[in-house]
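In the order they appear, the protein sequences are chains X, E and B.
Here the first sequence stands for residues 1 to 295, where the numbers follow the working numbering.
Here the second sequence stands for residues 296 to 597, where the numbers follow the working numbering.
Here the third sequence stands for residues 598 to 967, where the numbers follow the working numbering.
The set of hints was computed from the structure by calculation and includes no laboratory data.
Some, not all, of what chain X presents toward chain B, calculated at C-beta under 7 Å:
{"no.": "1", "residue": "P183"}
{"no.": "2", "residue": "E185"}
{"no.": "3", "residue": "L186"}
{"no.": "4", "residue": "K188"}
{"no.": "5", "residue": "A189"}
{"no.": "6", "residue": "T191"}
{"no.": "7", "residue": "I192"}
{"no.": "8", "residue": "D193"}
{"no.": "9", "residue": "G194"}
{"no.": "10", "residue": "A195"}
{"no.": "11", "residue": "I204"}
{"no.": "12", "residue": "P207"}
{"no.": "13", "residue": "I208"}
Quick caveat: nothing in here was measured; it's all calculated off a predicted structure.
C-beta atoms are modelled at their ideal positions from N, C-alpha and C, and glycine is treated no differently.
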Amino acid sequence: MADLQQYSHGAGWKNAVLRGLLYLVLILFALYYLFPLFVMVSTSLKSLTEIREGSLISLPRVITFDAWTYAWNDACVGVTCSGIKVYFWNSVKMAIPAVLISTFLGAINGYALTKFRFKGANVVFALLLFGCFIPFQVVLLPMSQVLGKLGLASSTPGLVMVHVVYGLCFTTLFFRNYYVSIPDELVKAATIDGAGFFTIFWRIILPISTPIIVVSVIWQFTQIWNDFLFGASFSSGDNAPMTVALNNIVNTTTGVKAYNVDMATALLTGLPTLLVYVLAGKYFVRGLTAGSVKG
Amino acid sequence: MGASSSTKSNLTALIQRNLSKIVVAPSFAASLFFVYGFILWTAYMAFSDSRMMPSYGWTGLRQYERLWSMERWHVAIENLLIFGGLFITICLLLGCLLAVLLDQRIRAEGALRTIFLYPMALSFIVTGTVWKWILNPGLGLENMMHELGWASFKFDWLINSDMAIYTVVIAGVWQASGFVMAMFLAALRGVDQDIIRAAYMDGASLPRIYFGIIIPSIRPVFLSAIVVLAHLAVKSFDLVIALTGGGPGYASDLPATFMYTMAFQRNQLGIGAASAMMMLATVMAIIVPYLYSELRGGRKNG
Amino acid sequence: MSSLTLDKVRKAYGPVEVLKEINLAIEDGEFLVLVGPSGCGKSTLLNLIAGLESSSGGEIRIGDRVINDVHPKDRNIAMVFQSYALYPNMTVRKNITFGLEIRRVSAEERDKAVASVAKLLQIEPLLDRKPAQLSGGQRQRVAMGRALVRNPDIFLFDEPLSNLDAKLRVDMRTEIKKLHQRLGATIVYVTHDQIEAMTLASRIAVMKDGILQQFDTPQRIYEHPNNMFVAGFIGSPSMNFIHAKLISDNGRLAISIERGSNPIVLPLKDAPESYNAYVGKDVVFGIRPEGLTHKRTGSEEPGSQYVNFDSKVEVIEPTGADTMTVIEIGGKEIVARVRPDRAPHPGETMTFSADMSQISLFDPVTELRI
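Work out the full structure, taking the sequences as your base and the hints as a guide.
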């Protein structure tokens, strides 16, 4: 920590003023970042009439959860008006398998690429890594054809496959960087103890991978849950994930614009990732910076 | 190995020795097909006469010519420059400022960090939706200012073709600047304390120490942040769709939305493919030199 | 327990040869120390013996068994690593028994084995802790326990003490020596610390640049180093090297060291035959600090092994037991080992005795012992 504070022993009042200013600036920024969240929550709890009469920052006079229940049960996505619950579960059914599969593959790839290096392991890694950086627009057209040929077009398994394939490079990167910092001697010791490739992986490497598993799961979950491009391109109607449904509701031009429902839907869409972030964000940062394992 | 006599145990030994390769092979194959294969496929489509359906009649550079003759593509490119430039610059400045401010032994630093960073957890669609609501001229910010007594306040960027792209910048900065802050903060914490102590003993003032020593020493993080932000900017698709839908008209189109519109709504697969290739080229121009230097640097340690 | 033979063992990574035809053989129960500066190939050699890397040529035998192509787990060896390489997720007990478990030793026998090893190493109270809860010295013991429990033919130690602080290092060194004496195990031990090599080894292999420089008992290596590298590497402070000329002084061979108009002439005692070819030529005169002392009693008697000369003292460095005295001879700084009560002050001129029975001469070009 750049503890420069400890060095500033100047005039007391001048310091106090500076500190006060510092906190003021930080609080103003905090308000800026919180403002949209506040607007979302307060709007979602208002009735439409109150929205039209009141202002953006006014608190709801009467708190009503109508918008939330309407969004969950009755909101119209396209022509079907059965709420976004269907799409919420679509996203869950898509995200969980995709996160688990891509994390597992990343772990075993990272392990193989660092602890059982073969000739060309670096090249293989570099080639895999490249996939992290391509703009996905460049694979959209072939992918939609391949999904069609495989009979996976507009299906949740199809989206799972897409997310696994393009998440692999990230998970491999995470695990590889983590495993590089684990001493090779651990694997050597286990080899001399008589353990083989998979035994070492299951019994020794995986049990000490918790920090990076957390990173990989959080990253993949937010990526997949928040994805819109693949969802919009490779799903349709009842198979769409949450983000696509949200966009659909918000941009529907027919009928009265129900801002409270939009905001409730947006909150519902953002809630899982926000929850993950608030509960486990600490471990995410810690895991990303986690270096070697003592022992 | 040496002792194995039958073919079967030879095979087992062979598998044992190559387990590592065997394990990586599926991912590698998937990457070869879904990344490299698809890029080539798209590249080929960009040379074809594909319209509504993929077709493989060779037309050379015809699609690229059509692409570059489209007014809309030029708008998208121009928007990318505006958006990318502002988005990266503001995120860097804001992120750096916040990191330095947070680095002053702040009480409740954890809470503030969480507040600055949480937008990153949200989908761009959510961000777009909420900013669309805040910025809408009827009931949003404009209305709020009127209620507060500032009757002449006018804020109609969302529906103003000249200004729409700037609303994307506003929302984008809100979402990503906290992430840049986190990167910088981590780097600031990694700066060698002895250097700072030495500078202090030499009589350098606090701003001097920051501008003269600390910030220059975390230069690599600037580079990483720029690469990440540039990458985000080129890929930005969801945000535009949710916030402006590319409108009014196509005033706030970005290459990403342009490609999507061409490929999936206008039945111009060829032009879509050509624009995707242009996007790839842009990203590569940023990423490849960066990766090259990163991997070369990494080899020294590993 | 077993003997170990390395026969023309080579290792190359592509065109880079890291080990060149290493020949070594130790008997059952010997303590072999591989010593050399970092990058000399000693750890690679240990990995070849362990089977963690495969050799590019030559033969490795444990007892009569050629093990080149035998998997590490079937070589019946155990290894203690520099970082200890304890499995962080397992308790000490689990760490020690992991190898037995993999080899399907029954739970009952495992418990017995752990108990006896824990007793031997005095780590019984630690058995249910995780490695993160142990101190450096304790981890070191557990790492040794993991090796001991397997009762292997050969123990391999890869710089096991280099992560410990100085005091603990000396204690553990003694303990390893005791353990060796008690178990009579065959041990191959890698270190870059020549003191460890001297104190532990029954035989030392000094390596540099992938070449075996000398393979001999500690005392022989100390007294008769094969070349200037070995001479300089073993012993602390290092051997002094002085550029000199071998001359014939009234039919007696002597070392002549240039010093302005007044050269130092040190007559040799019992010069071996091999010196004759170098008469009148440049040589490197090597003498250890303890061979250069304050003036000895009896050094002026004829036929004494001591030769006296005067020199100005530059710096003194007391170590308690002795005072290292730096003097300048032949344009080089030379260290003499002087008894504290005879120690001079800097700037003084003092008479030193050179013990001519403990010297080495080297060829200045090939750097080999003459």
